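Listed here are the chains, written in short residue letters.
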Amino acid sequence: MEIDTLLRSLEATYVATAIRENESLFPWVESFHVLAITLVIGSIAIVDLRLMGLASRERAAGRVASEVLRCTWAAFALAAITGALLFSSNAFDYAHNSYFQAKLAFLVLAGINMSIFHWFVGRDIERWGIPPQATPLPARIAGAVSLVLWIGVVAFGRWVGFSLHPTPLTG
Amino acid sequence: MSQTIQSNEWIVPAVQTVHILSIAAVLSSVLMIDLRLMGFLGRDQPIARVSERFRPVIWWTLPVLLATGSVMIIGEPARSLANPVFQLKMALLVAAIIVTLSQQVPLGRNPAFWELSAGRRGAAQVVAALSLALWAGIVFAGRWIAYY
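Chains U and A are the protein sequences, given in the same order.
Residue 850 is where the first sequence starts when you use my numbering, and the numbers rise one by one after that.
Residue 163 is where the second sequence starts when you use my numbering, and the numbers rise one by one after that.
It should be emphasised that the hints constitute simulated quantities derived from the structure, not laboratory data.
Since the structure is predicted, the reported quantities are computational estimates derived from the model, not experimental observations.
Just so it is clear, CB atoms sit at the ideal spot from N, CA and C, and this is done for glycine as well.
Incorrect hints may have been included.
Said to hold, decoys possible - Calculated pairs, SDA-like style, for lysine to any residue (alpha carbon to alpha carbon, straight line, at most 20 angstroms): (1) A:K251 to A:T179; (2) A:K251 to U:W877; (3) A:K251 to A:V180; (4) A:K251 to U:V878; (5) A:K251 to A:P225; (6) A:K251 to U:S880; (7) A:K251 to A:E238; (8) A:K251 to A:A295; (9) A:K251 to A:W306; (10) A:K251 to A:I235; (11) A:K251 to A:L292; (12) A:K251 to A:L294; (13) A:K251 to U:P876; (14) A:K251 to U:S873.
To be verified - Residues from chain U that face chain A, not an exhaustive set, calculated with beta carbons under 7 angstroms: (15) P876; (16) E879; (17) S880; (18) G891; (19) E916; (20) R1007; (21) F1011.
Given these sequences and hints, build the entire structure.
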């Protein structure tokens, strides 16, 4: 299959080989990946909980979002880069791992949810009124959906480690 | 108990997932407080307000981390209290808790404590940077435990 050839050649690249064969490179990249992911989900949870009206209610939702999402995007960039590096080291196995596929699917769904919020639900976020006025129902739903999807991304990510490596500890 | 955890292979990843989500809560709360202390975020609201919002998350989540961390120690024989990286992680944790308290305790006495003078503002930035470095170090050590 075309895509398998592509995955194999990705594994054969210099960077992928280095990460796979150097004993400490994988855990280093992995550490940055975990750090980035905790910051992505933690910061996005702050926004989600505000959208749901459960926290930071004294602050306008638009202000919370614009401020915190800067951290989210910075952390997401780091997570994506380190994630791509980890993926390259064992591209074929990752791509054929169902937990990894589920993680990517949830990531895509989170992206779709965010786009819908950005273009429709939250377009008038600056005019939602003075806190602690409740956020509109669609915004509360978007926050809850986002939270569930990101928790799924973390859970599936953890299961990838346990289903891919021979020893549970490296998971 | 150790056997129960090992024979149910979903337990360890499930507990690890809760552990990571809890770390996400603590780390992001620390980040919000530290970025405010450094003057990068939320300068329209007082330091004390930001601290009030995120401080409870840090202290209420730590017991969850302790509980899930204990399950991981019990459930995986290779993860042990004797692991040097685990010991480093615990040392970093103690240091991080001390630094975090040193940020918050003065705010309890005087909400404007870190804004009173240029010297205090400078000190707040240094302590905030130290706090971020320590908490990030804990995450790194946590991942490296698995490799020792």
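Now for the hints, and whether the structure bears them out:
Only pairs whose Cα atoms come within 20 angstroms are accepted, and K251 (chain A) paired with T179 (chain A) is accepted, the gap being roughly 18 angstroms. Simply put, K251 (chain A) and W877 (chain U) have alpha-carbon atoms about 16 angstroms apart, close enough for the 20 angstroms limit, and the pair holds. For a cut-off of 20 angstroms, the pair hint linking K251 (chain A) to V180 (chain A) stands: about 18 angstroms separates their Cα positions. Proposed proximity of K251 (chain A) and V878 (chain U) is supported: the alpha carbons are some 18 angstroms apart, at most 20 angstroms.
Using a Cα cut-off of 20 angstroms, the hinted pair K251 (chain A) and P225 (chain A) holds, with the two alpha carbons roughly 16 angstroms apart. Restraint check: the Cα-Cα separation between K251 (chain A) and S880 (chain U) comes to about 13 angstroms, which is no more than 20 angstroms; the hinted pair holds. Note on K251 (chain A) and E238 (chain A): the hinted pairing holds, with a Cα-Cα distance of about 17 angstroms set against a maximum of 20 angstroms. Between the alpha carbons of K251 (chain A) and A295 (chain A) the distance comes to roughly 13 angstroms, so the proposed pair stays at or under 20 angstroms and holds.
Taken as a hint, the K251 (chain A) and W306 (chain A) pair is honoured in the structure, with Cα atoms around 10 angstroms apart against an allowance of 20 angstroms. In summary, the hint linking K251 (chain A) to I235 (chain A) is supported, as the alpha carbons are separated by about 13 angstroms, within the 20 angstroms threshold. About 16 angstroms separates the Cα atoms of K251 (chain A) and L292 (chain A), which keeps this hinted pair within 20 angstroms; it holds. For a cut-off of 20 angstroms, the pair hint linking K251 (chain A) to L294 (chain A) stands: about 15 angstroms separates their Cα positions.
Among the hinted pairs, K251 (chain A) with P876 (chain U) is consistent with the structure: their alpha-carbon atoms are about 16 angstroms apart, no more than 20 angstroms. Taken as a hint, the K251 (chain A) and S873 (chain U) pair is honoured in the structure, with Cα atoms around 18 angstroms apart against an allowance of 20 angstroms. Interface restraint check: P876 (chain U) against chain A, minimum CB-CB distance 5 angstroms, threshold 7 angstroms, status holds. The beta carbon of E879 (chain U) is positioned within 7 angstroms of a beta carbon in chain A (closest approach about 6 angstroms), and the interface hint is therefore held.
For S880 (chain U), the interface hint holds, since its Cβ comes within 7 angstroms of a Cβ in chain A; the closest pair sits about 4 angstroms apart. Here the hint on G891 (chain U) is kept, as its CB sits about 3 angstroms from the closest CB of chain A, short of 7 angstroms. Interface restraint check for E916 (chain U): the shortest CB-CB distance to chain A comes to about 6 angstroms, inside 7 angstroms, so the restraint holds. Look at R1007 (chain U): its Cβ gets to within about 5 angstroms of chain A, closer than 7 angstroms, so that hint holds up.
The closest approach between the C-beta of F1011 (chain U) and any C-beta of chain A is roughly 5 angstroms, which is under the 7 angstroms cut-off, so the hint is satisfied.
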